[in-house]
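Chemist: Taken in sequence, the protein lines are chains A and L.
Quick note on numbering: the first sequence equals residues 4 to 116 in the numbering used here.
Quick note on numbering: the second sequence equals residues 825 to 935 in the numbering used here.
It is worth saying that the hints were derived from the structure and are not from the lab.
In this text the structure is predicted, and so the values were computed from the model without any measurement.
A couple of the hints might just be wrong.
These stretches of chain L come out as covered by chain A in the derived footprint (C-beta under 8 Å, 3 or more residues) [claimed, not checked]:
id: 1; region: 869-882
id: 2; region: 885-895
Calculated pairs, DSS-like style, for lysine-lysine (alpha carbon to alpha carbon, straight line, at most 30 Å) [stated by the list, open to error]:
id: 3; chain 1: A; residue 1: 68; chain 2: L; residue 2: 866
id: 4; chain 1: L; residue 1: 826; chain 2: A; residue 2: 60
id: 5; chain 1: A; residue 1: 72; chain 2: L; residue 2: 866
id: 6; chain 1: L; residue 1: 869; chain 2: A; residue 2: 74
id: 7; chain 1: L; residue 1: 903; chain 2: A; residue 2: 60
id: 8; chain 1: A; residue 1: 60; chain 2: A; residue 2: 21
id: 9; chain 1: L; residue 1: 866; chain 2: A; residue 2: 74
id: 10; chain 1: L; residue 1: 869; chain 2: L; residue 2: 903
id: 11; chain 1: L; residue 1: 869; chain 2: A; residue 2: 72
id: 12; chain 1: A; residue 1: 72; chain 2: A; residue 2: 20
Note that the Cβ used here is the ideal one computed from N, Cα and C, for glycine as well.
The lines below spell out each chain.
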Amino acid sequence: EAQVTQNPRYLITVTGKKLTVTCSQNMNHEYMSWYRQDPGLGLRQIYYSMNVEVTDKGDVPEGYKVSRKEKRNFPLILESPSPNQTSLYFCASKRQGWQYEQYFGPGTRLTVT
Amino acid sequence: RKEVEQDPGPFNVPEGATVAFNCTYSNSASQSFFWYRQDCRKEPKLLMSVYSSGNEDGRFTAQLNRASQYISLLIRDSKLSDSATYLCVVIGSGGSYIPTFGRGTSLIVHP
């Protein structure tokens, strides 16, 4: 089944404790992206990747890191999480090309206390 | 001006009603357009693509107006299960295929 998976789905952590949210897709998509979603603010892009070893900042990259060492994986790293990073996070992927739609993972609900 | 704008709503309609949402985009070079549906705290899922000639999928009709730079979604005979947030997505301006999302329009269908 074609899908985007994220782990963990739920995470409660404390300020400053490094964490990684994994994202994997099995559709051989070139483009992958991370979003956060907060009430009233819609989806905001954190980072995106056009292909392996090619990443770029989105609209709200501060406090986050990413890497794209393999085509299928695009982990999101929070080196020192803070309470303002409490949010719902979505990973997504798509084929390169403007005519293709984007597929989303199920989301990760992160709480930083 | 935001690249993609939607009326956040909520649109509160009775079952059986017809409801329409619009989404405006700022870049006239945009290439492709989609409507996504998002249920509360779930991932967005593709509802339908929007073609230049307009397209229909059951009770849902999507239209594109390039001259006025907006897309629309019409839902006929609304069901309770249509209650969700509807996101407009625009792709392909300036040679990029990075999607740009609107903030979404909330629809509540009541009995």
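Chemist: Does each hint fit the structure? Answer for all of them.
Modeler: Hints, one by one, checked against the model:
1. 869-882: As far as the region 869-882 of chain L goes, the hint holds, because 3 residues have Cβ atoms under 8 Å from chain A.
2. 885-895: Violated: only 0 residues of the region 885-895 of chain L have a Cβ under 8 Å from chain A.
3. 68/A x 866/L: 24 Å, holds
4. 826/L x 60/A: Holds - the C-alpha atoms of residue 60/A and residue 826/L are around 19 Å apart, at most 30 Å.
5. 72/A x 866/L: 28 Å, holds
6. 869/L x 74/A: 22 Å, holds
7. 903/L x 60/A: Cα-Cα ~40 Å, so violated.
8. 60/A x 21/A: Holds, at roughly 20 Å.
9. 866/L x 74/A: 25 Å, holds
10. 869/L x 903/L: 18 Å, holds
11. 869/L x 72/A: 27 Å, holds
12. 72/A x 20/A: 23 Å, holds
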